[in-house]
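Trainee: Counting in the working numbering, the sequence shown runs from 744 upward without gaps.
I should point out that these hints are in silico values taken from the structure, not numbers from a laboratory.
Each residue gets a CB set at the ideal place from its N, CA and C atoms; glycine is no exception.
Accuracy of the hints is not assured; some may be wrong.
[Claimed, not checked] Here are the computed lysine-lysine pairs in the DSBU-like style, where the Cα-Cα straight-line distance is at most 35 Å:
#, residue 1, residue 2
1, Lys902, Lys1105
2, Lys951, Lys931
3, Lys851, Lys902
4, Lys1016, Lys931
5, Lys902, Lys931
[Stated by the list, open to error] Here are the computed distance ranges between Cβ atoms for each label pair:
#, residue 1, residue 2, range
6, Ile820, Ser889, 49 to 59 Å
7, Lys801, Gly927, 54 to 64 Å
8, Gln1144, Ile820, 19 to 29 Å
9, Thr1000, Pro936, 21 to 31 Å
10, Ser1213, Ala1056, 41 to 51 Å
11, Ser892, Ala996, 22 to 32 Å
12, Ser845, Asn1210, 20 to 30 Å
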Amino acid sequence: MPTPSCHRRHVLPTALCAAALLVAGSLTGCSSSTTGQQASGVVNPGACGLSALASATKPVQIVMWHEMIRTNNDWLISATNAFNSSQNEVHVTLVQQPDYPSLFEKYKAGLSTGDLPDVAQFEDTTVQQLIDSQSTVPAQDCIDASHYSLSDYLPRTVKFYSYQNVQRSMPWAVSNVILYYDPGKFAKAGLDPSRPPQTLDEVMQDSKKIVASGAATHGIALHSQPYVFEYLLAKSGGEYVNNGNGRTSRTTAGNLTSPTAMKIWSWWDQMVKSGLALNTGSDPNSIDHLLAIGTGSAAMTFEASGVIGSIEAVLNLGQYKGTQIAAAPLPALTTGGGVPVGDGSLWISNRSPLAKRAAAWKFIQYLDSPEEQASLAAEGGYVPVRVSATQLPVLANRWAQDPNYKVGYTQLTQGTLSNANIGSLIGDYQGVRNSVTDGMVQMLSNGQSSAAAAALAEREANTAIGNYNSRIGAG
744 MPTPSCHRRH VLPTALCAAA LLVAGSLTGC SSSTTGQQAS GVVNPGACGL SALASATKPV
804 QIVMWHEMIR TNNDWLISAT NAFNSSQNEV HVTLVQQPDY PSLFEKYKAG LSTGDLPDVA
864 QFEDTTVQQL IDSQSTVPAQ DCIDASHYSL SDYLPRTVKF YSYQNVQRSM PWAVSNVILY
924 YDPGKFAKAG LDPSRPPQTL DEVMQDSKKI VASGAATHGI ALHSQPYVFE YLLAKSGGEY
984 VNNGNGRTSR TTAGNLTSPT AMKIWSWWDQ MVKSGLALNT GSDPNSIDHL LAIGTGSAAM
1044 TFEASGVIGS IEAVLNLGQY KGTQIAAAPL PALTTGGGVP VGDGSLWISN RSPLAKRAAA
1104 WKFIQYLDSP EEQASLAAEG GYVPVRVSAT QLPVLANRWA QDPNYKVGYT QLTQGTLSNA
1164 NIGSLIGDYQ GVRNSVTDGM VQMLSNGQSS AAAAALAERE ANTAIGNYNS RIGAG
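Model the full assembly from the supplied sequences, consistent with the hints where possible.
Mentor: As structure tokens, this is what we get:
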């Protein structure tokens, strides 16, 4: 095993080339042989810096960038203060960013300017780019160095953030897409509120009864967001991109016109054009699909499990009198499938000195401890990534009092593990998502057929994927 200093000198040219890619969008002068090292699966426990932390002057100061807001930000501040007070080895300073895209843009700029955190929270769509950047310490280095066990983690939460048997980051604040519905509207339509739909066909049939009864104007409000499409596809057993969702080898093409994908395109199109679904548009910042339940425009919608707390807080203010909310697993084409995780994991910068890397790892272990995972899940609805967290009173009591908070966790335990529900790795993930959005707009607003919309989306996705791979010399 090479020493940490030799290891760093070995990969530094690759890191600089990849940084140029992320900042400028091109990789002039970087060869495919260097960028290919990201997939080698080499693990170097010495790069975690545990011995450097042991001999460093205490406390070692580190900075964490995050995008937690409102009550989740309050929770993180409190948890970090408790961590800082509990020991004298590490002191963490939090720097809040407005949102995931802003955080990632600042990070990419920092690869050139040097303004970088020691540990950062990145969303699921950035995994492949962060691997390609060669700017992070694989979490596997620290796992091996500290003999840290992953046996208590939900398998899907760690699998998403790994590649070629190397854990790249640690899952932390994760969620997934679930069904929200109003039990009162279900009862008014003659439906059993305790039996929400489990398949997309059942969503259609229930919507017909809801509309016919006048319980709501539409059965379901559909936000034309690509992540919803991704989750419906994954739970139905379909892969979003080729090469095992980018897990067996690098993604080179979209998989948006597969038979499974086409059934979802067609279902979405039929639901909207029949009036059974309300199309609330493609604005990513819109919450009209959630408001539709409160206004009586719809009885159901799909959204991330992490917004449960916010939804219930609004309803508790009494603005939408008579509206109730319940959560259930996401319907799919068939029953029995599973979903991947979404949202945030924690990454360590390899631009940080060795002692700061180890300090970051110490803080990550704290945030991922069963106690902190239980506390975070009980506070805002995130899914705990540790099984033992579910047995702690703070979370067990929350779930007993409000079963809605448990749905996201339950859903991550369902379905046989597969590339479809582990989730996809894509270089230009946002480019692929933009292509799905374009297809939906053409289908729902411009009258194109589902087949034509899917074909358009796949062409655009293939272009985005191909351009990214060409820029880094991987295709």
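Trainee: Please work out if Lys851 and Lys902 have their alpha carbons no farther apart than 35 Å.
Mentor: holds (25 Å)
Trainee: Taking 49 to 59 Å as the hint, is the beta-carbon distance of Ile820 and Ser889 inside that range?
Mentor: Violated - the Cβ-Cβ distance for Ile820 and Ser889, about 26 Å, lies outside 49 to 59 Å.
Trainee: Is 21 to 31 Å right for how far apart the beta carbons of Thr1000 and Pro936 are?
Mentor: About 37 Å separates the Cβ atoms of Thr1000 and Pro936, which means 21 to 31 Å is violated.
Trainee: Keeping to a limit of 35 Å between CA atoms, is the pair of Lys902 and Lys931 held or broken?
Mentor: violated (42 Å)
Trainee: Okay, Ser1213 versus Ala1056 on CB: inside 41 to 51 Å?
Mentor: holds (46 Å)
Trainee: Looking only at beta-carbon atoms, does the pair Ser892, Ala996 fall within the given range of 22 to 32 Å?
Mentor: The hint (22 to 32 Å, Cβ to Cβ) is violated, given that Ser892 and Ala996 are roughly 37 Å apart.
Trainee: Given the hint that Lys951 pairs with Lys931, test it: the Cα-Cα distance must not exceed 35 Å.
Mentor: holds (13 Å)
Trainee: Holds or violated: 54 to 64 Å for the Cβ distance of Lys801 and Gly927?
Mentor: holds (57 Å)
Trainee: Regarding the pair Lys902 and Lys1105, is the alpha-carbon distance no greater than 35 Å?
Mentor: The given pair, whose Cα atoms are some 21 Å apart, holds under the 35 Å limit.
Trainee: For the range 19 to 29 Å, tell me whether the beta carbons of Gln1144 and Ile820 fit it or not.
Mentor: Holds: the Cβ-Cβ distance is about 25 Å, inside 19 to 29 Å.
Trainee: Check whether the Cα positions of Lys1016 and Lys931 lie no farther apart than 35 Å.
Mentor: Holds. Lys1016 to Lys931 sits at ~24 Å (cutoff 35 Å).
Trainee: Holds or violated: 20 to 30 Å for the Cβ distance of Ser845 and Asn1210?
Mentor: At roughly 23 Å between Cβ atoms, Asn1210 and Ser845 fall inside 20 to 30 Å, so the hint holds.
Violated hints, listed in ascending order, are 5, 6, 9 and 11; each of the other numbered hints is respected by the structure.
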